[in-house]
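Student: Here's the letter readout for the chains.
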Amino acid sequence: MQQLTQLIVNGLTMGCIYALIALGFVLIYRTVGVINFAQGELVMLAAYFGVTAISIGLSLIWAYVFVIAAMAIFGYLFQWMIYYPLRGKPFITIIISTIGVSIILQNLARIIWGPAPLMFPSFFSLKPLNIGGVLVQPQNIFVFVVTVVLFSLVYLLLSKTMIGHKMQAVAQDPETAKLMGIKVDQVVAGVFVLNSILAGAAGLLLAPIFLVTLDMGSSVLMKSFSASIIGGFGSVPGAIVGGLFLGVVEILGARYISSHFKDGIAFVVLLLVLLIIPKGLFGERVNERS
Amino acid sequence: MGRYGRYIPWIILGCTILLFPLRTSNYYLQIACLAGIYIILIIGYDFILGWAGLLSLSHAAFYGIGAYTSALLSVNFSIPFWVTLPAAAIVAGLFGLVVGFPTLRLRGHYLALGTLAFGEIVVLVLMRWRAVTRGVDGVTGIVPASFGLFVFDNNKSYYYLLIFFILILAIFARRIHQSRFGRALIAIRTAEVTAEVSGIDTNRIKLLAFILSAVYAGIAGSLYAYLFRYISPETFGLHQSITILTMLLIGGGGSIGGSVLGAILLSFLPEWLRFLKDYYLLLYGVGIVLMMAFMPDGVIGLAKKIISKIKFRLPLRRNV
Numbered sequence: 001m002q003q004l005t006q007l008i009v010n011g012l013t014m015g016c017i018y019a020l021i022a023l024g025f026v027l028i029y030r031t032v033g034v035i036n037f038a039q040g041e042l043v044m045l046a047a048y049f050g051v052t053a054i055s056i057g058l059s060l061i062w063a064y065v066f067v068i069a070a071m072a073i074f075g076y077l078f079q080w081m082i083y084y085p086l087r088g089k090p091f092i093t094i095i096i097s098t099i100g101v102s103i104i105l106q107n108l109a110r111i112i113w114g115p116a117p118l119m120f121p122s123f124f125s126l127k128p129l130n131i132g133g134v135l136v137q138p139q140n141i142f143v144f145v146v147t148v149v150l151f152s153l154v155y156l157l158l159s160k161t162m163i164g165h166k167m168q169a170v171a172q173d174p175e176t177a178k179l180m181g182i183k184v185d186q187v188v189a190g191v192f193v194l195n196s197i198l199a200g201a202a203g204l205l206l207a208p209i210f211l212v213t214l215d216m217g218s219s220v221l222m223k224s225f226s227a228s229i230i231g232g233f234g235s236v237p238g239a240i241v242g243g244l245f246l247g248v249v250e251i252l253g254a255r256y257i258s259s260h261f262k263d264g265i266a267f268v269v270l271l272l273v274l275l276i277i278p279k280g281l282f283g284e285r286v287n288e289r290s
Numbered sequence: 291m292g293r294y295g296r297y298i299p300w301i302i303l304g305c306t307i308l309l310f311p312l313r314t315s316n317y318y319l320q321i322a323c324l325a326g327i328y329i330i331l332i333i334g335y336d337f338i339l340g341w342a343g344l345l346s347l348s349h350a351a352f353y354g355i356g357a358y359t360s361a362l363l364s365v366n367f368s369i370p371f372w373v374t375l376p377a378a379a380i381v382a383g384l385f386g387l388v389v390g391f392p393t394l395r396l397r398g399h400y401l402a403l404g405t406l407a408f409g410e411i412v413v414l415v416l417m418r419w420r421a422v423t424r425g426v427d428g429v430t431g432i433v434p435a436s437f438g439l440f441v442f443d444n445n446k447s448y449y450y451l452l453i454f455f456i457l458i459l460a461i462f463a464r465r466i467h468q469s470r471f472g473r474a475l476i477a478i479r480t481a482e483v484t485a486e487v488s489g490i491d492t493n494r495i496k497l498l499a500f501i502l503s504a505v506y507a508g509i510a511g512s513l514y515a516y517l518f519r520y521i522s523p524e525t526f527g528l529h530q531s532i533t534i535l536t537m538l539l540i541g542g543g544g545s546i547g548g549s550v551l552g553a554i555l556l557s558f559l560p561e562w563l564r565f566l567k568d569y570y571l572l573l574y575g576v577g578i579v580l581m582m583a584f585m586p587d588g589v590i591g592l593a594k595k596i597i598s599k600i601k602f603r604l605p606l607r608r609n610v
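So the sequence lines, in the order shown, correspond to chains A and B. The numbering used here puts the first residue of the first sequence at 1, with every later residue one more than the last. The numbering used here puts the first residue of the second sequence at 291, with every later residue one more than the last.
Please note that a few of the clues may not be correct.
[To be verified] Between beta-carbon pairs, the in silico distance windows are:
#	chain 1	residue 1	chain 2	residue 2	range
1	B	K594	A	G88	21 to 31 Å
2	B	L384	A	I257	24 to 34 Å
3	A	K89	B	R420	42 to 52 Å
4	B	W372	A	M1	55 to 65 Å
5	B	D427	A	K262	19 to 29 Å
[Said to hold, decoys possible] Facing chain A, according to a computed beta carbon distance under 10 Å, are these residues of chain B, among others:
#	residue
6	L347
7	T393
8	R418
9	V422
10	F471
11	G472
12	I532
13	L539
14	G575
It should be emphasised that the hints constitute simulated quantities derived from the structure, not laboratory data. Please read all numbers here as calculations on a predicted model, not as lab measurements. No residue lacks a Cβ here, since even glycine has one placed at the ideal position from N, Cα and C.
Use the sequences and the hints to build the structure in full.
Tutor: This is how it looks when you write it as structure tokens:
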């Protein structure tokens with residue numbers, strides 16, 4: 001029982017990361033109808049920005065501030081250079097373009113930071129805390145707390161603020177939103193910035209748990225894709241529930257089924273969901289001709 | 291130029307292709323063979339992306355399934371080439387059915403993500419299921435392809451074998467493009483609802499196109515296994531699917547000429563740009579982004595646009 005709790009706690013930590021990334025691209029998908037394949041590289045980039053911030057002598061807390069600011073700017077540039085010129089083109093064109101961006105970012109990072117894995121410090125020691133017999137890494141608790149705070153902020157942003165209402169309006173119907181006097185392009189830019197910040201947060205949280213590597217983002221991104229489909233593609237609560245669910249299922253599968261095939265579990269679940277309940281747990285209407 | 295004048299460029303091209311092995315190094319010949327295999331892959335992928343307008347990201351997985359089917363049949367049971375090749379095509383096609391069935395009924399991005407997941411699973415199984423696939427070590431000791439008394443054990447003879455297969459598969463693809471099925475694909479790509487209203491069973495047609503593309507990939511995989519006589523899992527990952535995608539985009543979807551051009555260009559480009567070293571992949575990414583922004587129809591699309599402009603001008607001048 002204790003072991004099971006232990007596994008679930010660890011699974012929830014990874015689940016938080018999946019959910020953060022999934023939330024970002026679900027927001028983008030809802031607003032502009034595009035899947036962003038460069039999302040994983042945003043996560044990677046944030047971790048490398050963090051490494052650089054530490055290496056130029058910033059304290060950890062300022063490094064976090066620096067990274068989030070840098071990611072916000074990067075998110076704006078990303079939509080300005082990549083999405084904006086292609087808006088209105090078929091979704092395949094834009095998706096492929098984001099694949100191109102992910103190749104660019106990965107190789108740019110290789111040239112700047114080199115192929116060797118780098119370290120990024122944590123606020124906490126590696127000594128696990130004993131909570132009621134369950135050993136928990138302080139970093140895991142931190143991941144959990146930060147994720148909950150970010151989700152609450154995003155929820156408040158979407159439901160209580162003007163900019164959030166505008167985002168919802170654009171997501172539902174960009175044409176009507178435009179007629180109502182909403183500056184759609186600005187709202188879209190805002191969503192890209194928000195997404196970039198969420199990916200950045202995921203990168204910062206992930207970096208101390210694993211090493212900072214060139215493919216750290218792409219492997220997590222694949223899982224986040226699965227998470228968002230399990231939760232129901234395009235649904236904000238779905239992204240969160242799907243992420244947490246996947247984190248737990250993955251670690252239980254690795255323990256009780258096969259650790260060799262741990263990385264495949266997410267994809268098997270994804271295909272099963274597509275086969276059995278294609279709209280996921282909180283899904284959009286999946287049939288295009290609806 | 292007489293009556294047959296318009297064939298002259300094609301004859302020159304044909305002779306160049308046929309005589310290429312006599313004047314080149316073994317290394318370049320091997321790249322040419324690989325380019326030939328890519329041509330088959332891309333022609334198959336074009337059914338999905340260029341004709342049906344669907345984004346699949348697991349073409350490399352079907353390629354791998356074909357390669358492993360042939361290689362394992364050959365190594366474990368010493369089954370000859372002319373049996374393992376169709377076997378690879380059939381197995382890849384069956385996997386195409388299994389993956390395509392659940393994902394094709396949904397919106398476009400589900401296919402992209404579903405196939406992505408399938409591709410990852412295939413590579414993982416190839417790497418980790420050591421008992422059958424021999425894991426990351428790969429499969430060695432594949433017997434050279436032979437057909438009766440002909441043994442294709444060097445690059446030169448293999449090159450001609452590939453030309454034979456490319457011709458057959460390209461002609462077959464062209465027949466399909468011009469058939470009722472091909473027109474149905476165009477209808478689905480341009481206006482799916484209209485196609486369905488006109489009585490086209492869109493799900494069935496899409497699934498057939500997906501299976502067909504998997505079969506082509508399976509054949510290409512089998513030919514790959516017999517070319518290098520060594521295969522390993524990492525050849526068949528997502529990056530390979532993206533390479534295939536890029537080749538088709540650079541050449542231009544929807545035409546066999548585009549597929550051939552893209553495959554050849556992107557096979558030789560890394561050789562020509564070797565001096566760029568680390569910057570090559572960076573440039574590759576930049577190339578994809580720029581292509582999408584400025585030349586979404588590829589080299590062939592651009593050429594067609596230029597030709598139609600010239601043709602449009604010529605008669606006007608003649609009238610004056």
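Student: Indicate, hint by hint, whether the structure satisfies it.
Tutor: Comparing the hints with the structure gives:
Taking the beta carbon of each, K594/B and G88/A are about 23 Å apart, inside 21 to 31 Å as hinted. A hinted range of 24 to 34 Å for the beta carbons of L384/B and I257/A is consistent with their spacing of about 25 Å. Checked against the given bound of 42 to 52 Å, the beta carbons of K89/A and R420/B, roughly 45 Å apart, stay inside it. In this structure the hint that W372/B and M1/A lie 55 to 65 Å apart at CB holds, the actual value being about 59 Å.
As the Cβ distance of D427/B to K262/A is approximately 21 Å, the hint placing it in 19 to 29 Å holds. The closest approach between the C-beta of L347/B and any C-beta of chain A is roughly 9 Å, which is under the 10 Å cut-off, so the hint is satisfied. A cut of 10 Å between beta carbons decides the hint on T393/B: the least distance to chain A is about 6 Å, and the hint holds. Taking 10 Å as the C-beta cut-off, the interface hint given for R418/B holds, the closest approach to chain A being about 5 Å.
With 10 Å as the threshold, the beta carbon of V422/B stays out of range of chain A, its nearest partner Cβ sitting at about 13 Å, so the hint is violated. Taking 10 Å as the C-beta cut-off, the interface hint given for F471/B is violated, the closest approach to chain A being about 22 Å. The beta carbon of G472/B is not positioned within 10 Å of any beta carbon in chain A (closest approach about 20 Å), and the interface hint is therefore violated. Satisfaction of the interface hint for I532/B is found here, the shortest Cβ-Cβ separation to chain A being roughly 6 Å, below the 10 Å cut-off.
Satisfaction of the interface hint for L539/B is found here, the shortest Cβ-Cβ separation to chain A being roughly 7 Å, below the 10 Å cut-off. Checking G575/B against chain A: minimum C-beta separation of about 3 Å stays under 10 Å; hint holds.
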